[in-house]
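Student: Residue numbers (my numbering), protein chains in the order written: chain L, 59 to 348; chain F, 2 to 315; chain Y, 3 to 254.
Keep in mind the hints are simulated off the structure, nothing from the lab.
Ideal Cβ positions, reconstructed from N, Cα and C, are used throughout, including at glycine.
Check the hints yourself; a few may be wrong.
Under the rule of at most 16 angstroms between Cα atoms (straight-line distance), these lysine to aspartate or glutamate pairs were calculated in the EDC-like manner [said to hold, decoys possible]: (1) F:K3 - Y:D97; (2) F:K77 - F:E27; (3) F:K3 - Y:E200; (4) Y:K91 - F:E193.
Stretch-level coverage of chain F by chain L, calculated; a stretch enters the list once three of its residues show a Cβ under 8 angstroms from a Cβ in chain L [what the hints assert, rightly or not]: (5) 105-117; (6) 242-252.
So the derived list for chain L, only partly shown, Cβ under 8 angstroms to chain F, looks like this [what the hints assert, rightly or not]: (7) E60; (8) I154; (9) G277; (10) G319; (11) I324; (12) F326.
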Amino acid sequence: MELFAQFLANGLVSGTFYALSALGLTLVFGLMRLVNFAHGDLYMVGGLLGWAATSQLGLGFFSALALVVLMLAAAGWLVDRFCISRLRDQGEEPGILFTIGLSIFLANTALLVVGSTPHQVPAPVPNEPLLLGPVVVTKARLFAVAVCAAAITLAHLMIQKTRLGKAMRATFQDPLAARLAGINTERIYASTFALGAALAGTAGMLLGSIYVAQATIGGLVSLKAFVVVILGGMGSFAGAILGGLLLGVAESLWGGYVSTGTVDIIGFLLVILILLVRPYGLFSRRAERA
Amino acid sequence: MKCIEGRALLAFVAAGALFAVAVGDEYLLHLCVLVMVYTILATSLNLIVGYVGEFPLGHVAFFGIGAYAAALLSVKAGWPVWATLPAAASLAALAGFGIGAITLRLQGPFFVIVTLAFAEVLRLIAGNWVSFTNGPMGIAGIPHPAFVDLGGFISGKRGFALIGLALAAVSLFAAYRFVYSNAGRAAVTIRENRYVAQSVGIQPWRYALFAFVIAASTAGLAGAFYAHYLSFVGPEVFGFSFTASMIIMVLLGGKGTLTGPVIGAVAVTVLEEYLRETKELRLTLFGLAVMGVVLFAPTGVVGALHRRLARLAR
Amino acid sequence: MLEIVGLGKSFGGIVAVRDMSFTVARGEIVSLIGPNGAGKTTCLNLISGFYRPNSGKVLLDGLEVTGEKPFRMAQRRVVRTFQKTNVLKNLTVRDNVLAAHYLSGREPLWRTFFVGRARSRIERDIGESADEILSLVGLEARRAIEAGALSCGELRLLEVALALGAKPRLLMLDEPAAGLNTHEAEALAALLRRVRAERVEAMLLVEHNMALVMSVSDRVVVMNTGEKLAEGAPAAVRNNPAVRFAYLGQVV
Chain L
59 MELFAQFLAN GLVSGTFYAL SALGLTLVFG LMRLVNFAHG DLYMVGGLLG WAATSQLGLG
119 FFSALALVVL MLAAAGWLVD RFCISRLRDQ GEEPGILFTI GLSIFLANTA LLVVGSTPHQ
179 VPAPVPNEPL LLGPVVVTKA RLFAVAVCAA AITLAHLMIQ KTRLGKAMRA TFQDPLAARL
239 AGINTERIYA STFALGAALA GTAGMLLGSI YVAQATIGGL VSLKAFVVVI LGGMGSFAGA
299 ILGGLLLGVA ESLWGGYVST GTVDIIGFLL VILILLVRPY GLFSRRAERA
Chain F
2 MKCIEGRALL AFVAAGALFA VAVGDEYLLH LCVLVMVYTI LATSLNLIVG YVGEFPLGHV
62 AFFGIGAYAA ALLSVKAGWP VWATLPAAAS LAALAGFGIG AITLRLQGPF FVIVTLAFAE
122 VLRLIAGNWV SFTNGPMGIA GIPHPAFVDL GGFISGKRGF ALIGLALAAV SLFAAYRFVY
182 SNAGRAAVTI RENRYVAQSV GIQPWRYALF AFVIAASTAG LAGAFYAHYL SFVGPEVFGF
242 SFTASMIIMV LLGGKGTLTG PVIGAVAVTV LEEYLRETKE LRLTLFGLAV MGVVLFAPTG
302 VVGALHRRLA RLAR
Chain Y
3 MLEIVGLGKS FGGIVAVRDM SFTVARGEIV SLIGPNGAGK TTCLNLISGF YRPNSGKVLL
63 DGLEVTGEKP FRMAQRRVVR TFQKTNVLKN LTVRDNVLAA HYLSGREPLW RTFFVGRARS
123 RIERDIGESA DEILSLVGLE ARRAIEAGAL SCGELRLLEV ALALGAKPRL LMLDEPAAGL
183 NTHEAEALAA LLRRVRAERV EAMLLVEHNM ALVMSVSDRV VVMNTGEKLA EGAPAAVRNN
243 PAVRFAYLGQ VV
């Protein structure tokens, strides 16, 4: 029983991480109808930038994080403004193909620049274990969970309460009407993509302090993010959180009770299963077509 | 259109035969073999991209299934090459039927991701099921076709090039027949507008699945041939490197055409060999190329040619 | 030929169609009219299989076909057009009509690779049929143009051409005159009469354009808020006070 509680706790921790990792992806899809296959590589860039900023430039954790957020937001903004904007009226496929190309480009440029060695972002909190009842968690992970929760809450507030957020939601619902209401939809799309990139980078740097920051992880992160987003429903904010927790717990239980080597399979099997039964994800609001 | 494409494909096969017979240099023959493998792969991916209208990012799954099937059948069961090739293609077709029946219900990004999920699951299984697939160490010692080791004119790399050419010809023929058939037209109709297709009597799944199975079996054929050529198969045969190459071939050449994949295959083989020293640089450029093609030339080389020809014809 | 009995459809709590019954006899053109939101297109969707009814039956020549999938209904030669333009935008006009001839060229899958001698003749016949249909609807001059480039009126004609390519016995048109001016609508009326005489056995029209309805219909069925309000000859329906009330909101 204690083992189960430990697995559950581990799963909830990693689940929170998954939730933040996937949030940018689901937001970009929900607000822009764009499936960003480069999401994992933006995460990777955030991680490597965070590592570079802290260990090479000597910045503190939060200053480095601010820098990462700014740089990735700016990069995301530019990519949307100059590339993705050209593809917007061509349907879904060009966006998918373009971001696949972007993913390949980012991953291999990172490999060229930093090589494939794994790095770790130094965490501001030590890795000491902390006892919470029957369960052990490290302080570093608790800190990361706290930052994740804060980031998720900030993103939620931004979308629900700020003018920019309202403009984003309006643009998603009806771009033409939004434009007629005076919203500069091109800027909104760029901001949305920037937000997605910034969230990915935040996750990358934060989790780079727990796991690794490495040029090759983009693919796996993308895949896991897709699993989360499909579980929770593409475009659903709450779904990303629930999906993340679900994946985290599922992986933890599988790894604990079955085998650790094949843990990655459970996510894919879940996706295949879910999509068979509900082709638009567990909590998606989209109705099935006749 | 049908005549032009048919003739272009025949010309390619003839040119390939001429090349394989006339050229003696080992390296060039090796390139010829690679071109053949890539032609089959690109044609196969293009069937789905161009005629089902979806993007199976996990298409490499069938390549891998064919490769492992050939490896296992020949190494563990002692089957000769002329038996493993059709067996691998059939197995891949079966897998295509199963996976297609599941994934073709989905559209757009969901289809992309679930096919990728299948490919990843297969990669993980191949890499972890040590007793069956030797895990990450792969299966070595896959035999060559008998006549290739005999010495003589059609032995060695030339023999492989000719076999590859024959297989490519079969694949191109299958694709050609499909595209210009009622089934092919039905597939295009479904791709263009599902509602219209249904209202004129087309059963949507049937033709998408048909195209999918043909694509899967030809990819499996390519995989089996590749296994016998390299004499080795490992989990990387399900890996992203092949996927990236396939995407760029189909996009660059022009999706939805029969000659596009061929042009793409030749271009990519040459490019890859030219840049073979630096894998990362090659892939970085690939990534840029994909972005560039999507932004500026979405119909690829052949698409641009079509438009040029159409404008001249008017 | 076509008989609907007690057809009903709800979406969640909203009842779109309630207890609809009417018939379309061989040789007839029946129009289904009513204010917006009356459930006319829903009826069409129910008959053609795009929606599954919650209650009621659809009978074709006495045979029950309720809830059959759309492609099966089309294979029974019940073909429909759509309210929002649905053509194959990226294909040429002629290719569109060729595509619609799917049923004429249907063959078992294995035949894809082992082409028999009869194939080229079938292809030629399909080509001739497509050209015939194009000249019937008046689009032969535009046959090589991409369908996406057509004007609204031409698109409506292409839709009819598409439906005709599937060689329907019962042709169901969803607002074929939408967006047409008076002149175009009159031409459409003439076309529909010709189609009924030469090509199909019966037609069901969902329409708002009253001039068209009055000029081509043998019978008119009026729907309002999902139910049948009235049925009869065009003139009788036009003078029906309940119908006028439904449209105009007051007894005139």
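Student: So, for every hint listed, does it hold in this structure?
Tutor: Now the hints, each set against the structure:
Taken as a hint, the K3 (chain F) and D97 (chain Y) pair is honoured in the structure, with Cα atoms around 14 angstroms apart against an allowance of 16 angstroms. Among the hinted pairs, K77 (chain F) with E27 (chain F) is inconsistent with the structure: their alpha-carbon atoms are about 30 angstroms apart, more than 16 angstroms. With a C-alpha separation of about 34 angstroms, the suggested pairing of K3 (chain F) with E200 (chain Y) is violated against the 16 angstroms cut-off. About 8 angstroms separates the Cα atoms of K91 (chain Y) and E193 (chain F), which keeps this hinted pair within 16 angstroms; it holds.
Look at the stretch 105-117 of chain F against chain L: 9 of its residues bring a Cβ nearer than 8 angstroms to a Cβ of that chain, three or more, so the hint holds. Beta-carbon proximity to chain L at under 8 angstroms applies to 3 residues in the stretch 242-252 of chain F; the threshold of 3 is reached and the given coverage holds. A cut of 8 angstroms between beta carbons decides the hint on E60 (chain L): the least distance to chain F is about 29 angstroms, and the hint is violated. Checking I154 (chain L) against chain F by beta carbon gives a least distance of about 6 angstroms; that is within 8 angstroms, so the hint holds.
A cut of 8 angstroms between beta carbons decides the hint on G277 (chain L): the least distance to chain F is about 6 angstroms, and the hint holds. Interface hint status for G319 (chain L): upheld, as the beta-carbon distance to the closest one in chain F is roughly 6 angstroms, under 8 angstroms. Residue-level restraint check for I324 (chain L) is violated (minimum Cβ-Cβ distance to chain F is 10 angstroms; threshold 8 angstroms). Hint status for F326 (chain L) relative to chain F: holds, with the closest Cβ pair at about 4 angstroms, below 8 angstroms.
Hint violations for this structure: numbers 2, 3, 7, 11, all remaining hints satisfied.
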